[in-house]
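Going line by line, the protein sequences match chains A and B. The opening residue of the first sequence carries number 1 in the numbering used here; numbering runs sequentially from there. The opening residue of the second sequence carries number 1 in the numbering used here; numbering runs sequentially from there.
The hints are simulated quantities; they were obtained by calculation from the structure and are not laboratory data. Every value quoted in this text rests on a predicted model; they were computed, and no experiment measured them. All residues carry an ideal CB built from backbone N, CA and C; glycine is no exception. Misleading hints may appear alongside valid ones.
Unchecked claim - Calculated cross-link-like contacts (lysine-lysine; reagent style PhoX-like; alpha-carbon spacing at most 25 Å):
hint	chain 1	residue 1	chain 2	residue 2
1	A	K431	B	K22
2	A	K320	B	K109
3	A	K125	B	K109
4	A	K320	B	K173
5	B	K22	A	K430
6	A	K689	A	K376
7	A	K135	B	K73
8	A	K606	A	K552
9	A	K426	B	K173
10	A	K245	B	K35
11	A	K174	B	K22
12	A	K174	A	K185
13	B	K22	A	K245
14	A	K399	B	K109
15	B	K173	A	K627
16	A	K366	A	K583
What the hints assert, rightly or not - Just the calculated beta-carbon pair ranges, DEER-fashion:
hint	chain 1	residue 1	chain 2	residue 2	range
17	B	D156	A	P286	51 to 59 Å
18	A	P544	B	E36	38 to 46 Å
19	A	G246	B	K35	18 to 26 Å
20	A	V85	B	N160	39 to 47 Å
21	B	E36	A	F523	55 to 63 Å
22	A	P3	B	P67	53 to 61 Å
23	A	A40	B	Y148	37 to 45 Å
What the hints assert, rightly or not - Computed from the model, here is a short list of chain A residues facing chain B with C-beta under 10 Å:
hint	residue
24	T49
25	G50
26	V53
27	L54
28	I134
29	G139
30	C143
31	V146
32	L234
33	Y321
34	K399
35	W401
36	V410
37	L412
38	T414
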Amino acid sequence: MLPEEDLKIIKKELGREPNLVEQGCFLNLWSEHCSYRSSAPLLKTFTTTGENVLIGPGDDAAVLKFEDGYVLSIAMESHNHPSYVDPYNGAATGVGGIVRDVISMGARPIALMDPLYFGPLDTPKNLFLFEQIIKGIAGYGNCIGVPVVNGETLFDRQYSGNPLVNVVCVGLCKEEDVITSIAKKAGNKLVLAGSSTGKDGLGGASFASRDLSESAEANDRPSVQVGDPYTEKLVIEMTLEATEKGYVKSCRDLGAAGLGGASSEMAAKGGLGARIIADAVPQREPDMNAYEILLAESQERMLFEVAPEDVDAVLALVEKYDLNGAVVGELTEESNYKIEFRGENVATIPIALLTEGAPTFERPSKAPEAREESSKPESPADLKQALLTVLSSYNIASKEWIYRQYDHQVQLRTTVLPGEDSGVLKITDKKGIALSCGCQPRVTLLDPYAGGKTAIVENAMNLAVKGAEGLAIVNCLNFGNPERPEIYWQFKQAVLGLGDAARELEIPVVGGNVSLYNESDEFGTAIPPTPSIGMIGKVDLEIPLPSSFFTKAGDSIVLIGETTSELGASEYYSCLGATEAGKAPAVPENAPKLIKAVIKAVKSGKLSSAHDLSLGGLAAGLARMCKTLGAKVDLNEISGDLQAEELLFAETPARALLATSEPEALQEILKDVPYTVIGTVNGDALEIKGKDFEMALSPEELTTAYESLNDFMMG
Amino acid sequence: MKIAIIQFGGTNCDMDVLHVLKEVVGVDAETIWYKEEDLTGFDGVVVPGGFSYGDYLRAGAIAARTPIMDSVKKLAAEGKPVLGICNGFQVLTEAGLLNGALTTNEYPKFRCHWSYLRVETTDTPFTSKFRKEEVVRMPIAHMEGQFYAEEATLADLDENERVVFRYVDEAGKVTDEVNPNGSLENIAGIVNGSRNVLGLMPHPERASEAVLGSDDGRRLFESMADYITEKF
Chain A
1 MLPEEDLKII KKELGREPNL VEQGCFLNLW SEHCSYRSSA PLLKTFTTTG
51 ENVLIGPGDD AAVLKFEDGY VLSIAMESHN HPSYVDPYNG AATGVGGIVR
101 DVISMGARPI ALMDPLYFGP LDTPKNLFLF EQIIKGIAGY GNCIGVPVVN
151 GETLFDRQYS GNPLVNVVCV GLCKEEDVIT SIAKKAGNKL VLAGSSTGKD
201 GLGGASFASR DLSESAEAND RPSVQVGDPY TEKLVIEMTL EATEKGYVKS
251 CRDLGAAGLG GASSEMAAKG GLGARIIADA VPQREPDMNA YEILLAESQE
301 RMLFEVAPED VDAVLALVEK YDLNGAVVGE LTEESNYKIE FRGENVATIP
351 IALLTEGAPT FERPSKAPEA REESSKPESP ADLKQALLTV LSSYNIASKE
401 WIYRQYDHQV QLRTTVLPGE DSGVLKITDK KGIALSCGCQ PRVTLLDPYA
451 GGKTAIVENA MNLAVKGAEG LAIVNCLNFG NPERPEIYWQ FKQAVLGLGD
501 AARELEIPVV GGNVSLYNES DEFGTAIPPT PSIGMIGKVD LEIPLPSSFF
551 TKAGDSIVLI GETTSELGAS EYYSCLGATE AGKAPAVPEN APKLIKAVIK
601 AVKSGKLSSA HDLSLGGLAA GLARMCKTLG AKVDLNEISG DLQAEELLFA
651 ETPARALLAT SEPEALQEIL KDVPYTVIGT VNGDALEIKG KDFEMALSPE
701 ELTTAYESLN DFMMG
Chain B
1 MKIAIIQFGG TNCDMDVLHV LKEVVGVDAE TIWYKEEDLT GFDGVVVPGG
51 FSYGDYLRAG AIAARTPIMD SVKKLAAEGK PVLGICNGFQ VLTEAGLLNG
101 ALTTNEYPKF RCHWSYLRVE TTDTPFTSKF RKEEVVRMPI AHMEGQFYAE
151 EATLADLDEN ERVVFRYVDE AGKVTDEVNP NGSLENIAGI VNGSRNVLGL
201 MPHPERASEA VLGSDDGRRL FESMADYITE KF
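Same shape as in the complex, but just chain A:
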């Protein structure tokens, strides 16, 4: 039911009691999910504009200017709760939803990325969720022919009852083919196309109460939608053909709140009203009522604004692609949103009230009590064993078992495959894009502001090692229950951190979504705050891109950036079970400078390898780069006052490792940032020595550690 406060506002505005259908519309459109009620004021703090931003937040996806008349579309979304209830379909429909957001802009989807967060794989249930979620993403993405080019997978106990499935989709089209969700003209028809509408997914945006749906049966159905990627592929082709032929005046995909959401939002954005004839909607089951038809979240559906004279041509395309479709209403000059069903008017709502009337507010936020730091773990007796343990952590180990299941080459654009810092796609002969995603939940838990900043800086460095400057950021803000002041404080601090770091790097935040209430009844836990982001950058394909791995024996290894002593929130502490110990590292003030220097170094064409340092610190970064060649490294020069384990495992942001045969040629480029030549690419083992330690890891030891997750899954 509608909250009492909301009902009061609605009654006052309408001057009467809303009927059940109307209440259903408000319940869904005023939900947190659709209206961002408690997050909107915070999201306004993001800088969302920039010289390349053609369309920022607020439409189905953002649109960015690229090269040669091409524009890129980008969007990011979560599908967390459904993926826990029904992991295969939850994850699959997450992909489907974000892809439709991109085609809603007239763009062909060309890439996907999936940041995923799971409970550890030591329980059958977590293992099941892990396998099925990946299978769902693969099953859907592979079928529709959109490559998954990058991702992130992290494991933490607190995700056990609430795994996170976030998806980024990138699309491409010519600037003149861009369409928006702003309705253009009264009298134009609204054509619904795609799948038929069933009772599935009712109340996904809110919940369907027994009274409102007037049907006990609907309540017994799972509220997770079932995905049909075959139909989605047809919807993609049909939408793009209709768009290219100029038949589509505006467009929105049907997601949360179904037809009711899409039609009212489109009309309202154009300052128009709408009249919907619920009976006209192609239905896949008998006896659906107006409420169900309007708010069902059946997948693979699009709503098009079409001029009356083009309706037949659009319906012919619906026929060509074996889809369902019908004129389900029209745009009007009125300021009302009206629904007719079986010849009667069943709802008349002032459209601005429905789409923009939900009150937004900041919730009370409170910093948690100062955390009592548990004592720091002692220095390890065996540093090499400590390193092997860190390297074998599934958070650091190879994710090949995952990305093997994704088609990452379809569409002939992928020039850097998954498994490197960022994925690279060819767009024109000379220019490409680099894509990276993820965040640092453990840092965000200890210090939400630093966590927000770290997410931006780390992804920017992932792009930088491929020579790419960030073009835009999208986000998925996954948090616990915002009604708890400590959680709202986390949320607020993380958002401010994201926003500040993005401004410092001059990369606009162009879209995203907010996923709150990620708490588990089963385990009584909230997720670690997870401000996951996707970042897109522009790559110059005319320069040779450095590999994430060592490729040339004899090359000098250069460490960029400074290593600090904080080990809080590190993978190393996590491996020791000391998740509460120590402080999280802050983002250094010169991070933008460091990132720019790395980009410049890559663009000089003098690097054979370049790799961002993140989880597991310098030691894990070095080990990771030793895929086919080893290295000989001496850390004495950068030791300072650092303990050996700090030097090896601290995760200070904004650092990178470069390899080059001409270190002297980099001097000029790196003159304003701290850097040190720490060794050479050599042999096939990794040898590291410091003030009071020395170790050597054989290729077999490196491989065994790196393959831990793959071996576990295949074994």
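Let chain A serve as the given structure and place chain B on it in line with the hints.
Same frame as chain A, now just chain B:
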């Protein structure tokens, strides 16, 4: 010369093949939506990869029974080259144009990665520009790629040099480790008895430009184009 690229609902490598034929190889090609049915005027056919009809029922099974496949069969009977890639290979076996069947991978997951292939015969319209026993590099991306055939069929394939590609290691050796899907005798691609219909699981169109990691696959399309120029 004009090559038809068949599009079923769910086909997703159609535009990739079109790009390679037109922009890379430089021959005329056109996508044909399955409802068009008529292939008059075409000198060759590619059935590209993807998930025709969502792989519902069985990979390739529904597409194989669409009316346009009668036109493909007619073209094949005229000796014109017909190439099935990945899902296209599955469609051709389901349509009875090629022997054997493609079943779920031994490790029953989708697999996408680069693989090495050995060219077993150059005596086909698709491999004239390769050297016999040459090792080439092309990616695979499939879940149902395990080639299976009865013993008698296998014997016939071997005897008549109808196996065109096998999965091998970098040195050209057939081993179990490099068999990505459990295919019998590491078979990656075969031709029909009259050698003008080829089906293969790897994607030559994804290996036709050096910037994407290999251009070995381009020679397959060039061979096909040469054959058409000479014969038709």
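Hint numbers not upheld by this structure, sorted from lowest to highest: 2, 4, 7, 9, 20, 23, 24, 25, 26, 27 and 34
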